[in-house]
Amino acid sequence: MSTFVSFFAEGPVAGLAVVGLNLLVGLGLIAISLALGIAVSLLIGLPALVTQPRRAVQIRITRRMPE
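Per our numbering, the very first residue in the sequence shown carries number 1; after that it's consecutive.
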């Protein structure tokens, strides 16, 4: 890490390197947050999608049986 810092220590290249690193870190954080959001939504949504049709079918069956 010290060679990296000393290599980009002077001139406009140092500014470009800092901007590039900031962009990489920012994009990485965005990607992580998107992945976590998708994972949480799937964990919440998939059980609801699986259980709701079964409940609807059970309700219809119980309503038709007394007839």
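The set of hints was computed from the structure by calculation and includes no laboratory data.
There's no promise every hint is true.
[Said to hold, decoys possible] Have a look at the derived ranges for each label pair, beta carbon to beta carbon:
1) LEU43 x ASN22: 43 to 49 Å
2) LEU49 x ALA14: 40 to 46 Å
3) GLY26 x PRO47: 29 to 35 Å
4) VAL50 x PRO12: 54 to 60 Å
5) THR51 x GLY20: 45 to 51 Å
6) THR51 x VAL19: 29 to 35 Å
7) LEU16 x THR51: 39 to 45 Å
Here a beta-carbon is modelled for each residue, glycine too, at the ideal position from N, C-alpha and C.
The hints, checked one at a time:
1. LEU43 x ASN22: 43 to 49 Å: violated (32 Å)
2. LEU49 x ALA14: 40 to 46 Å: violated (51 Å)
3. GLY26 x PRO47: 29 to 35 Å: Hint holds: Cβ distance 33 Å, inside 29 to 35 Å.
4. VAL50 x PRO12: 54 to 60 Å: holds (56 Å)
5. THR51 x GLY20: 45 to 51 Å: holds (47 Å)
6. THR51 x VAL19: 29 to 35 Å: violated (49 Å)
7. LEU16 x THR51: 39 to 45 Å: violated (53 Å)
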